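The chain contents come next:
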Amino acid sequence: MNAIEVTGLTKAFHGRKVVDDVSLSVARGEIAGFLGPNGSGKTTCIRMMCGLLTPDAGNGQVLGHDIRREARAIKRQVGYMTQKFSYYEDLTIEENLAFVAGLYALPAQAVRDTLAGLGLTSRRSQLAGSLSGGWKQRLALAACIMHKPKLLLLDEPTAGVDPKARREFWDEIHGLAADGLTVLVSTHYMDEAERCHRINYIAYGRLIARGTVPEVIASAGLTTFLVTADRPGEVAARLRAAPGVEQVAPFGTTLHVTGTDRAALERALTEAGASFQPGETSLEDVFIRLMGQSRDNMA
Amino acid sequence: MTGISLRRLGALLRKELIQMRRDRITFAMMLLVPLMQLVLFGYAINSDPKHLPAALVAPTQDRFSRAMVSALELTGYYDFTHVGISATEAEALITRGAVAFVVTLPSDFGRRVERGDAPQILIEADATDPSVASGAISTLGTVAAEALQRETGASPTQPPVGIVVHKRYNPEGITQYNIVPGLLGVILQMILVMMTSMALTREIERGTMENLLALPATPVEIMLGKVVPYMGVGAVQVAVVLLAARLLFGVPFVGSFSVLAAGIFTFVLALVILGYLISTLARTQMQAMQLTFFFFLPSLMLSGFMFPFRGMPGWAQTLGEVFPLTHFLRLIRAVMLKGASQPDIAQPMAALLAFVLVYGLLALARFRRTLD
Numbered sequence: 001m002n003a004i005e006v007t008g009l010t011k012a013f014h015g016r017k018v019v020d021d022v023s024l025s026v027a028r029g030e031i032a033g034f035l036g037p038n039g040s041g042k043t044t045c046i047r048m049m050c051g052l053l054t055p056d057a058g059n060g061q062v063l064g065h066d067i068r069r070e071a072r073a074i075k076r077q078v079g080y081m082t083q084k085f086s087y088y089e090d091l092t093i094e095e096n097l098a099f100v101a102g103l104y105a106l107p108a109q110a111v112r113d114t115l116a117g118l119g120l121t122s123r124r125s126q127l128a129g130s131l132s133g134g135w136k137q138r139l140a141l142a143a144c145i146m147h148k149p150k151l152l153l154l155d156e157p158t159a160g161v162d163p164k165a166r167r168e169f170w171d172e173i174h175g176l177a178a179d180g181l182t183v184l185v186s187t188h189y190m191d192e193a194e195r196c197h198r199i200n201y202i203a204y205g206r207l208i209a210r211g212t213v214p215e216v217i218a219s220a221g222l223t224t225f226l227v228t229a230d231r232p233g234e235v236a237a238r239l240r241a242a243p244g245v246e247q248v249a250p251f252g253t254t255l256h257v258t259g260t261d262r263a264a265l266e267r268a269l270t271e272a273g274a275s276f277q278p279g280e281t282s283l284e285d286v287f288i289r290l291m292g293q294s295r296d297n298m299a
Numbered sequence: 001m002t003g004i005s006l007r008r009l010g011a012l013l014r015k016e017l018i019q020m021r022r023d024r025i026t027f028a029m030m031l032l033v034p035l036m037q038l039v040l041f042g043y044a045i046n047s048d049p050k051h052l053p054a055a056l057v058a059p060t061q062d063r064f065s066r067a068m069v070s071a072l073e074l075t076g077y078y079d080f081t082h083v084g085i086s087a088t089e090a091e092a093l094i095t096r097g098a099v100a101f102v103v104t105l106p107s108d109f110g111r112r113v114e115r116g117d118a119p120q121i122l123i124e125a126d127a128t129d130p131s132v133a134s135g136a137i138s139t140l141g142t143v144a145a146e147a148l149q150r151e152t153g154a155s156p157t158q159p160p161v162g163i164v165v166h167k168r169y170n171p172e173g174i175t176q177y178n179i180v181p182g183l184l185g186v187i188l189q190m191i192l193v194m195m196t197s198m199a200l201t202r203e204i205e206r207g208t209m210e211n212l213l214a215l216p217a218t219p220v221e222i223m224l225g226k227v228v229p230y231m232g233v234g235a236v237q238v239a240v241v242l243l244a245a246r247l248l249f250g251v252p253f254v255g256s257f258s259v260l261a262a263g264i265f266t267f268v269l270a271l272v273i274l275g276y277l278i279s280t281l282a283r284t285q286m287q288a289m290q291l292t293f294f295f296f297l298p299s300l301m302l303s304g305f306m307f308p309f310r311g312m313p314g315w316a317q318t319l320g321e322v323f324p325l326t327h328f329l330r331l332i333r334a335v336m337l338k339g340a341s342q343p344d345i346a347q348p349m350a351a352l353l354a355f356v357l358v359y360g361l362l363a364l365a366r367f368r369r370t371l372d
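So the sequences go chain by chain: Y and L. Numbering follows UniProt numbering, in which position 48 of the first sequence is assigned residue number 48; successive positions increment by one, without gaps. Numbering follows UniProt numbering, in which position 353 of the second sequence is assigned residue number 353; successive positions increment by one, without gaps.
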């Protein structure tokens, strides 16, 4: 049975649909990426799955428990890491962990083990508010896996964290998944998406793509050419206006030119007098296109 | 699963106490404000006023009336600013508030004292501010008797005069001691309701509410976790105020301590739960503060703390009944000053318990388990 199996989740705030008919399934032991631009409804979806928001429509199960009726049972087995640091800044690291341990009725040893695992034993009396962003993130993660949850819901855990800390964070997530933990992680970093087993892309409250990274890229049916030019700015301006060209994105001295119609794209590039070679379509190219499409659908 | 887990409650309480301790300014405020208010209010409101303006209505001036006047002035309470005026003039003066007392001697005062047939003296007191009148009135009888005895040289076998006191405008002659016990209720209400009214809004504003809700604590546990530490604060405040009442103001304590303690405990419980109820209604700390004051001011006015309860019109009395402070004032005044026992205060006690129940149920009903 899947760790997460929800269908038709819908939530509106003040008459505006923030999440619209989202269905999601995440297999046990999987690291599922939840992608989408800011304000696309990722946080609202996650909150509905862990019982913090009541869906207007839709239903489903998380770890075999009904999301509407068994929120308490879900909370006990889920570790939820909020987007914003939501532990107590006026409590020390140890006091925060002891608070969480107390609410889950864990032995005092759990706090000591967690402190040791974090390498924070010597800094345990430091106020959580004085920690750097990276350490806050590590503390929050440690606090929400202390009770050995079966499912981890991480809401943009790496926002504002430096690359090294992000790398370490993802190593830890993969380690946890290897031990059988299911992880749903929301992000808008493309490199992080590629670290997930499967991704789910949401835009304007609707789920518009899902699968493994290669599957999602292939299903978009995009062709990409790399254009090398001395003055990429001028070429880019000409190409943007040409038929068949959907995206032109500069990467240093090269341009990534993307479109769905391969023939039209080649024609446009030839007419523009650019020298080009076939390139790989990136996840970012796909998502930019998906976002554009869903905006058109909304309008 | 749905019951209260002591382990979880313990974790919530510990966390709350640490936060309370770390917020130094608030912590100091909770301990010092009661003392400061008590001293400030106690001395400002409760001083036994002296040199009150008085008028003398005496158709004939003789040595007896002069003796009366000088004896009264010697007590320090009376300053006769208007002497030898008519009863109509005196009436106007006391209505305007220009004098606090009108002393009226009968026209044949001197002759009747000499005959020894105890003429009556009428003292009309402006009791709109009851504490003003009470001290002055209490000294009257002996002062007048002594003064006239000296003049007549008569033996004190029978009182030389009869004194009739009319407390005007307010039939309930509250003594000055009423202020300090009442102040305990007012101080507790202000600090405890205000502090607990921020309990949840603070979590919401700091962004920790989402996490708290995601953790396995039940609404009852969260409420108790928030409310119980402030009951401890209340206990300390009660001790401080009662001690100061005794040491600084010499307020008598004739009742049973355990009866008073039970009453105070119930009142404090009602207050912290009311504060918690406010915090389930407010969205920000600012709103919580405003709601607290919205509640605080009318309860101060209508509870009988500021104005005598029985002096208020019927509708205001009815309105006053909805405030816990009203019932607490009756309870503490009865116990501290009149020595009332358990059965005597059953009614205010029942009212306070009803507040605890109603506020608690409302708060639990209002508590949002979700972020909706």
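Derived from the structure by calculation, the hints contain no laboratory data. It should be emphasised that the depicted structure is a prediction, and the values quoted were computed from it without experimental measurement. Check the hints yourself; a few may be wrong.
Which chain Y residues face chain L? A few, computed with CB under 8 Å, are given here [unchecked claim]:
#1 ASP90
#2 PHE99
#3 LEU103
#4 TYR104
#5 ARG123
#6 ARG124
#7 TYR204
Think of the CB as a built atom: it goes at the ideal place given N, C-alpha and C, for glycine as much as any other residue.
Here's how the hints hold up against the structure:
no., hint, in the structure
1, ASP90, "holds, 5 Å"
2, PHE99, "holds, 5 Å"
3, LEU103, "holds, 5 Å"
4, TYR104, "holds, 7 Å"
5, ARG123, "violated, 17 Å"
6, ARG124, "violated, 14 Å"
7, TYR204, "violated, 21 Å"
Hints 5, 6, 7 from the list above are not met by this structure, while the remaining hints are.
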